[in-house]
Amino acid sequence: MSDILWALFHVCVFPGGLFALGFALFLKGLDRRIVARFQRRVGPPLIQPLLDIAKLLTKETLIPRTACKSMFMMAPVIGMTGMAACAAFIPVPGVFDGMYMMGDLLVLFYLLPVPAIAIMLGGSASSSPFGAIGFSREMLIMLSYELPLLMILLTVAMITGKATGIGTADFSLLNIVQYQIHHGQFGLNPLMIPAFIAYLMFLPGTMGVPPFDIAEAETEILEGPMLEYGGPLLALFQIGTAFKTFVVLSLGVIMFFPGCLGDFWLVNLFWFMAKCLILMFFSISLLRAVTGRLRIDQAMMFYFKIPAVLAFISLVLVMIV
Amino acid sequence: MAIEQKAGSTFNIPLGPVHVALEEPVYFDLQVEGEIIRGTTLHSGHVHRGMENLAQHRNLIMNQTLTERVCSLCSNSHAFTYAMVVENALGIKVPERAHYLRTLTEEIKRVASHLFTLAIQAHLCGFESLFMHTMEIREIMQDVKESLYGNRMNLAFNCIGGTKFDLDQECFDFLEQSLEKFMPQFREVLDIFETDPLICARIQGTGILPKEEAIRLGVVGPVARGSGLNIDVRKETPYAAYGKVDFDIVTRDGCDLYARTCVRLHEVLESVKIIKQVIRDIPEGETRVHMTHIFPSQAVARSEAPRGEVIYYIRTNSTEIPERLKWRVPSYMNWEALGVMLRNAKVADAALITNTIDPCVSCTER
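Protein chains in written order, with the numbering used here: chain L, 260 to 580; chain E, 19 to 384.
Calculated from the structure, these hints are not laboratory results. Here a beta-carbon is modelled for each residue, glycine too, at the ideal position from N, C-alpha and C. A hint or two may mislead.
Here chain L is said to cover these stretches of chain E; the calculated rule only asks that three of the stretch's residues, wherever they fall, bring their Cβ under 8 Å from a Cβ of chain L [unchecked claim]:
id, stretch
1, 29-36
2, 139-147
3, 212-219
4, 363-377
Throw the hints in and build the complete structure from the sequences for me.
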């Protein structure tokens, strides 16, 4: 019984649920402030993303007459719940060990594309031509970044698996964290540096920020799949995106820099949050401030040429050494 | 069978009439196959204001105000060319100082207009920081306009027979200071536009308008000059003080978006060169002569607006109301080129390509 209660706590309060949502919205607010400073603007208040969602929730839901109604309503729910479940698997080093599963990294890998799939479903259900274009673009960009991601996760699992002697690969996030705490962080391991760079390149693609904001390009296809969404449904999409921000940034931290500062859980928690923030600054904010948008074909070529090759190099190095 | 399948795989995407990528309402119906545009249909007429008819119900002086409102970004070019066409028809000799002042005004407007287009181009590429940066630099020129003429967009500076008021040395000093502040910042932006790999990846090789097509369609302004055509009214038939200042026509042979971007960027440099010469060489004297009498006559005037050649035609009778006032704007000539540029382009580039002719819907439909 208490197991179930604990599981609920992890899904709804920490690290998933409230904590993940609050932290991700704070990160988003900070991201907007940082980019505004780069552009010599003041930027919105830090609380703005939360206010946006609160406002959207009070608005009316409009569904296009030609849309497939059930799918149109389900898509944001699928995206949001998929990511909310993901967030509960994230171990916070020194604070929380994750939900003890053998293959939670694999579960994450399967759940990570869920928001993208939700966007595709919503876009195609909206019956808007912009949604259709957004659908095909989202699918192409997803197919391009999933390959490097798979190789990165495999590399991390293999280096842990080799060391802990479980076998060829260890997909337990807890073991990955424990191994790094005792044997040095992967981000400082020369074998893993290409994989880390590839992960940095994966982040803007999966978060849909420039130069990879192709599926929702406002000036080309008017937000594409998001065009017909408004009110609470759009708010659900934004909550889903917030969870996703938390999941992908935390995954980056726990795979490459999970180190702790001491034994006190509060210090470790803040240290973890600070690392997420630094990761976001380099892979999302800075990139958003200094780049324009690529075309979908250019983005695909980029992912197949650079992150995929970098991740492959790490994979091969880890297999050989 | 294959053809049927193909027909089934195309669908229509509306670009406009209200679209974030367009500043003004115009409606493109794009027939799209996947991400490739196979055909374009243009529907216009959303902002028709009946201006030519209005002009035939107002007297010559009132029309000065009307023509200024044809367009916003090249408002000065319309008022300027209108003043010239009336002067040509009625044989008014404009004082030399007014010629220089008009040249100065036109070039300040050109810098602001080109920077606006370039900023929008950055925005369409999704490069928000560059958009902000370019608009911030443009703000220097807007400040100049506000300080010198009292207005940021419609300057209301030209009038029949010269200019409405004179600019004193204090104005020129301020202008020179502003240019000193402007140039280093502009060179920075120029460098980004010309060399930034992400911008170049988007604009190099897209929106191609071959030289032969450019000649066939009779395109004007930076669109023509980006396709290697060496045309510029300022050089061909110098008006105002353009015959007395030294500047070059900027041309590029690339025929793509990149070439047109470069043309605009370097034209800003040429404009600054002209402004500096005008400040140096401007003679003293009157700035306006008065219109004494109106007689039946007709005339044409041409000028180079930021978007290309503007032509005004007027026919007067003995009354103060013109019998006919007709003008042709650059965007009208450049519209047709969109058909060529958009053919087989990617949907992603449609907005960028539309922006490259710097479309001015309000003056085309007037």
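Verification of the supplied hints:
With 4 residues having a beta carbon nearer than 8 Å to a beta carbon of chain L, the stretch 29-36 of chain E meets the requirement of three or more and the stated coverage holds. Residues of the stretch 139-147 of chain E lying with their CB closer than 8 Å to a CB of chain L number 8, which satisfies the three-residue condition for coverage. Closer than 8 Å: that is the beta-carbon criterion, and the stretch 212-219 of chain E has 4 residues meeting it against chain L, so the requirement of 3 holds. Figure legend: the stretch 363-377 of chain E, annotated as covered by chain L; annotation consistent (6 residues with Cβ-Cβ distances under 8 Å, at least 3 required).
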